[in-house]
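Protein sequences appear in the order of chains D and V. Numbered according to this note's numbering, the first sequence spans residues 1436 to 1696. Numbered according to this note's numbering, the second sequence spans residues 29 to 330.
If you're looking for bench data, these hints aren't it; they were derived computationally from the structure. Treat the hints loosely; a few may be bogus.
Now the in silico label distances, taken between C-beta atoms and shown as ranges [claimed, not checked]:
1) D:Thr1696 / V:Gln102: 47 to 57 Å
2) V:Gln100 / D:Val1679: 45 to 55 Å
3) D:Thr1696 / V:Glu57: 23 to 33 Å
4) D:Val1679 / V:His99: 24 to 34 Å
5) D:Lys1689 / V:Asn252: 43 to 53 Å
6) D:Leu1621 / V:Lys50: 44 to 54 Å
7) D:Thr1696 / V:Val308: 49 to 59 Å
8) V:Ala212 / D:Phe1465: 37 to 47 Å
Yeah, the Cβ is synthetic: ideal placement off N, Cα and C, and Gly gets one too.
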Amino acid sequence: MMESIKINASIRGPWTLLKKELLRFWRVAFQTVAAPVITALLYLLIFSHVLDKQVQVYDKVPYTAFLIPGLIMMSVLQNAFANSSSSLIQSKVMGNLVFVLLTPLTHLQFFAAFLFAAIIRGLVVGLCIFLVAMWFVDIHMANPWLIIAFALLGSALLGTFGIIAGIWADRFDQMAAFQNFIIMPLSFLSGVFYSIHSLPPFWQKASQLNPFFYMIDGFRYGFFGKGDVSPLISLSVVGLSFLVLAWITLKMLKSGYKLRT
Amino acid sequence: MTSPAIKINGVHKYFGSLHALKGVDLTIEQGEFFALLGPNGAGKSTLINILAGLIKPSAGNIAVMDFDVVHQYQQARQLLGVVPQELVFDPFFNVREMLRFQAGYFGRGPENDPWIDEILEGLGLTDKANTNMRKLSGGMKRRALIAQALAHKPPVIVLDEPTAGVDVELRQMLWEFIKKLNRAGHTIILTTHYLEEAEALCSRVAMMKQGEIVALDSTSNLLNKFAGKQLRLSLGKVTLPQGLLPMLRVQDNGIFTFALSDMEQIEMVLSGLRAANIKVLDMQLSEADLEDVFLSLVGNHS
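Generate the whole structure from the sequences, applying the supplied hints.
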């Protein structure tokens, strides 16, 4: 299918890199798509079994329905991060990143290819979870445009963060530290499983410093038409964070930080 | 006049306090088959990596067909195909996919497929085109690595130690293919430890030592200038007449090796020995090779 798309020679370079990045995760879709979908569904089964009768976060919204958008968004974010970061660290450790570094691709084209591959992996995983979750609960979407906007911006933000981590890390254990000490805590403490209004005031304030909170809350707002903060605030925080990280990433790529000595 | 394939101008590189390249100047014309020789740590790979854009020079500049490798890197890299020294590969794809990707990064699409077939055939990879890179043997991986550098049909090809750890058969095949490319007009720049390869293939040679070029000439001139012919004489325990000492290269266990610039010097050595009443027990005359030049220039550092 991809071959049949006519493509202008000047964008063939970045398009090829994007295609390679997409094929890279698609070849191992069992690990890169199926595994995170199963994980999210296990969370869904366990938490909904334990808490559905006891907890109601919003009026007339069962806990399971509340949980689904959070789980989808968490998976979108984690997988967008995993895609760009793992591709880069693998290519660096294996040494095959040199094949890309020897090409005339600009830093912007390099960034765009890794970014779009990360977004697409995040969205594919999110969409699969969404489709499977539909079997469990009726899912209403109050504002589909907000859902799309947050899914795109959130995966772009984490895909960019993944590029930074992939460039910075020299070894797999450094990358694992990124995953375990930054991505996991920030995503688990972002209100995926609860509304931050249920927290003590101090932790409510602390949660508001977590950019993941705005991505989860804004995404969830798209489903229920309500959230912990205004979706416009969330959209601004996420959009601004993306711009800042994208600027840092482009600076790193342009200077050749850790890639060209 | 055509622009030089490579023009290196006063290139310095510091790694912390290490002065790895100390002002290298070098011009390689289009169509040359050029060798860059030197012991480990001489700076060959650093120079090649600067040319390829993988390392930034501390001072000076390099141009590929007049395009600066830093400021006009897109044009420069289009013209350049570099075979990296390390045996690296992408485990996700097969050989043909990798070659198509590599060509694609340079803006080449399906119209480039016949060239990819030609490379596969030239390097004996046609049977392995659909084999995953992971499943290739070391020698096959090396061929695939070379194929990747050629995928976008670059006019200037740089091979950094391409035959390290490669068996004789593959080496022969590889050189036949590279010679064919050279005849077709591609400029070839080669770094190698196998001096006989450089001698057999390259029309011009630069030798590097500790970040500097210590010799740069045509292969035949270098051979004449630095070594000429070698005369090995077995003389036993004797003291040579003073007049012969300037020509003496090595003295080992009664065997004396003289470096001669022409055949007339043989008679000079022999008559000197006769006059000193020294008997020649055995005699061998040999042509010098690049290794002698190399050793005489880089000495103990090799």
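Tested hints:
1. A beta carbon spacing of about 20 Å between Thr1696 of chain D and Gln102 of chain V contradicts the range 47 to 57 Å that was offered as a hint.
2. At about 31 Å, the CB distance of Gln100 of chain V to Val1679 of chain D disagrees with the hint of 45 to 55 Å.
3. For the pair Thr1696 of chain D and Glu57 of chain V, the beta carbons lie near 29 Å from each other, so the given range of 23 to 33 Å is met.
4. A beta carbon spacing of about 28 Å between Val1679 of chain D and His99 of chain V agrees with the range 24 to 34 Å that was offered as a hint.
5. For the pair Lys1689 of chain D and Asn252 of chain V, the beta carbons lie near 49 Å from each other, so the given range of 43 to 53 Å is met.
6. For Leu1621 of chain D and Lys50 of chain V, the Cβ-Cβ distance of about 49 Å falls inside the hinted range of 44 to 54 Å, so the restraint holds.
7. For the pair Thr1696 of chain D and Val308 of chain V, the supplied restraint of 49 to 59 Å holds, since their beta-carbon distance comes to about 57 Å.
8. For Ala212 of chain V and Phe1465 of chain D, the hinted distance range of 37 to 47 Å is satisfied, since their beta carbons lie about 45 Å from each other.
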